[in-house]
Amino acid sequence: MSNGTLQIKAISGHAGPVPGLDTSRDYDVCKLIDVTTCIGCKACEVACLEWNGYPFRETVFDNTYQTMPDLEWNYYNLIRFNEHVADNGTLSWLMRKDQCMHCADPGCLRACPADGAIVQYTNGIVDFQQEYCIGCQYCVSGCPFNIPKFNHETKKVHKCTLCSDRVGAGLEPACIKACPTGCLHFGSKDDMKDLAEGRAKQLREHTAHINAGVYDPPGVGGTHVMYVLHDIDHPEAYGGLPKNPQIPLLVRLWKRPLKWLGNLAMAAGVLGVFVHYLRYGPKEAEEIDAKRNSDSD
Amino acid sequence: MTNGWIDIKNTDVMLIMGGNPAENHPCGFKWAVEAKRQRNAKMIVVDPRFTRTAAVADMFLQIRAGADIAFLGGMIHYALENQRIAKEYLVNFTNASFIVKDGFKLPEDGLFSGFDAATQSYDRSSWNYEAAGSGSSASGSSGHLGEGPVPASAHAGGGPTAALPSMPPNVSYDMSLEHPRAVYQLLKRQYSRYTPEMVERITGIPKDQFLKAADLFTSIRKDGDMKKTGTIIYAVGWTQHSFGTQIIRAAAMLQLLLGNVGRAGGGVNALRGHSNIQGATDVAGIFDNLPGYLKVPTPEDKDFASWMTRITPKASKPGQWDSWNYWSNTPKFAVSFLKAMYGDAAKKENGWAFDYLPKVDREYSWTHIWDDMYRGKVKGLMAFGMNSVAIGPNSQKNIDALKKADFLVVCDIYPEETSDFWRAPGITADETKNIKTEVYRLPGAGFAEKDGTFVNSARWLQWKWTAVPTPGDAKLDQEILSRIFLKVRDLYRKEGGKFPDPILNLAWNYTIPDNPSLSEVAKELNGRALTDVEDKAAGQTMKAGQQLPGYSWLRDDGSTLSGNWIWCGSWTEAGGLMQRRDPQDPSGLGIHPNWGWSWPMNRRVLYNRASCDVSGKPWDPDRTQVWWNEAQKKWIGNDVPDFKPDSPPKDHMGPFIMNAEGVGRIFAPLAAFVDGPFPEFYEPAESPIANPLHPQQSQSPVVKRYSTAMDKYGTPEKGFTVVCTTYRLTEHYHYWTKNNPMNVQLVPEPFVEIPMELAADLGIQGGDKVKVTSARASYFAKAMVTHRIHPMTIDGKKIYQIGIPIHFGYRGIQEDAGRTSRSLTNSLSPTVTDPNAYTPEFKSFLVKLEKA
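Heads up: the sequence lines are chains A and B, in that order.
In the numbering used here, each residue's number is its place in the first sequence (first place is 1) plus 8.
In the numbering used here, each residue's number is its place in the second sequence (first place is 1) plus 8.
Simulated from the structure, these hints should not be mistaken for laboratory data.
Incorrect hints may appear among the rest.
Calculated cross-link-like contacts (lysine-lysine; reagent style BS3-like; alpha-carbon spacing at most 30 Å) [said to hold, decoys possible]:
id, chain 1, residue 1, chain 2, residue 2
1, A, Lys185, B, Lys458
2, B, Lys235, A, Lys185
3, B, Lys196, B, Lys109
4, B, Lys220, A, Lys209
5, B, Lys109, B, Lys95
6, B, Lys458, A, Lys209
To give a feel for the contact side, a few chain A residues facing chain B, derived at Cβ under 10 Å [unchecked claim]:
id, residue
7, Ala51
8, Val54
9, Phe69
10, Asn71
11, Asn96
12, Leu99
13, Trp101
14, Leu102
15, Ala177
16, Glu205
17, Arg207
18, Gly221
Here the structure is a predicted model, which means the values were calculated and not measured.
A virtual CB, placed ideally from N, CA and C, is assigned to each residue, including glycine.
Using the sequences plus the hints, can you model the full thing?
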């Protein structure tokens, strides 16, 4: 894969056409997580931290093998451990690598009002550009997977980049490289889809997992991170993977059908200012000085 | 491993028991996953806990810790009852047809024949084969199977053995397997008691679950099919019992019964728990071995010749069969070893300096060393690359023993529990002042700072190169050891001493004597010709000074040198073969013949002649390892044949060339094991019930206990009712990584895994502090309340099991910051060992649990 795959396809809060759209081949990348062969070794967690240069932190034992309760702004990748007792009493210990799903229709991007803070490359990677982030956290509410995390110190939001820096240089993401069992795969979406469907079929036909299936939820236009699950009917059992993720209604309304309303409100605001000016005239300099003095008290 | 890591991808069914490879060997475990993905192989996991391995298994059975022999005995019983066995293999490649001497008794009352209660040991002379022509049986029979040669009728010769019991050279046998004293019949009788009901009573595995697992594992031999293979994968969950060797024996017998040994995707596969523990074993990390598994001399061995006579086996087989009996070459290996040790000082005239070798008069195992130190006999300890106190067992005894020692030398890269034993919990500042032990800490180097070879579980020697230089004053191990040795030698030179010769004459011809390069050491381990050596049959000569291409070149006349015969062939005139990195695998079987080098002679699967039928044709045409080539009159193949290359199938040479019999031992005769020729289920030293097979003989009669005031043992009557087992976590490496913030982040604190129901009984919530107490000590940690261990019914009693990871202690990031409890898991474990291998019983003991 070349840098060409990092051509931007969509930009948050950006009016007008996307610069350079459709100038490169549309080559969707995808990470496939075969949950049925994950052993929860956390090599991906460590590789992610090391590649992104984040420090190790203090954690506290919490009655689980899971490193910590949730992702954090500088912890993009977390294996969620869940003991699951089925209706027939069968115990399974589900381990799911949780990280950004890189939705084809990303709720975060839709919700983001800051120009350029969230971009989607033509290869499908959804990437946050912290220098343009205004810290409004709309992306957090826009995400159906509860992925973006806010750094309270810098007021910026972070999440997994699918190692866009590595992928752009023709490498696989760090987590893929670290995985010892080969439960993680990386390639084109089409290839991963084939691999995933083949594996799910194998599970249905040759193991007790007759409900095995591929998690590539249509509610967000499919994802660039897919799972093979033992039981596609119960994704919630894997530490809260939503069964049918959707971009929240408010975000969808706000960004599409009701966008005119927002624009109208904005226009009304500008109009209001103009009318105010006409009615009351310009603000006097004295008033401003007086306010400055009172501010400095 | 008989096979290797990559070979696991060739299997059709895996029995993973006594090991948790997903947890402890995640990189190797990829091959188990590969077998599932590529071959639809089935994975059965049997463990006291639902583990990370169980999480990806097709079937999981929760077993009571320590009940493994009952389970495997039940499997053997099932395979025999349902004829899920490899008959041709069994008859021709194992000792199933051999006839055992009259007077041998099975342990139906808990004791084999020959038990002497006074010495707590067995007279093993009745554990032997019957000599052909000795009367009671007709040797040979018409019950011949397959294409094997028809044995002749009763054969003269053999006869009575000498005063010392040895195996008869000509063994009586019955290929119909029907003789009442045929090994096969004894096997049937021995395991007839291991019914599914009995398995359930002992192991706690419900009968229907056991039957499903037995059916699945033995399904590879359904309807006499020989193509499929099954593998057994284990680790220290089997070895760390007072009957660990016998558990592995049971596994080996099951695999022989199913015809799985020697075959791709088969075998009995020990997963080694450190990156070079196999290498340590190969060069004699154990007191009763010399390098290459030569048996140490004892005081009874008066000279080199008598030592050789004792340890060199003589072929013992049916008259018409052939046995290579490769250990008959022992003198060549021993002389070459002594030449490597003592150089020119090892001469024919002085028995190759036999007198220089220490004579081992009794047990000097790990637990025994500590017992001796506790009793004031051992005055000092040098600990390299290990944390002796944390390793245990019964850590407090080790700590107290160190208080009595004169000196302690610890070479490590972190301050650890052993170097800091004087600040163990419970020792006050005043007490510390009174500890007189002189402690030295040496600056060791980390693994990435050293070169040299690792030998992995698959017996592959792989060279590694230094990644980073040693920091500060840190020194390589070989420099530290050499400098100590040279100083000691100087002292002997100056001051003499009782017996300076072995020290003064030790061959030390390294280019840099106080810091030898490891490639030079590796070349010495391989060995070289000292004078020109000729192989007349091959028409080849190795010139003096040349590196030998293999151990068939070793001689017992002093013309060759080899530090470790099994590694001979690893560093030849072609260079260091362990440095090879050619990933090609023409056969697709994961052999990779030019990657590294595996002992012996780069064979990837041991006993691989057994991958063929009697006529020399592979059992499975899709997984061809080696085969007999009639045109060339030799064995050839994708792997290196582990066999006499020119022995034609019609000669019926046994594939198990390291056994004097040439065949696999379903019955292990004479001195092979001290506790029985067949595995029998005995309870762990600390057990919640009396052995349902023979309550009056609950534990193994030859397992000895220690007797100092620190050696206490618990019983249910004393309130120790919970079965406890110990293990490692993926996130940590022994007692080491608690110094690394990355690992500490992943698992920050010690914990105890507790079944939901037991926690509810005791009012314990997840995260609560709990106290675990054994007869020896108490351990404090937080509770992990889990569904992954469920209560069991053992012999009608409700029994709980708990589990404790071993990794924590009183030195480390969290410990030093005062954020965790500071107790050692192995302070709980008992001082009881396996009587064959001397491995402590870390995996099953009794405790009580309470909220702290």
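For each hint given before, does the structure comply? Return the numbers of the non-compliant ones in rising order.
Numbers 2, 6, 11, 15, 16 and 18, in rising order.
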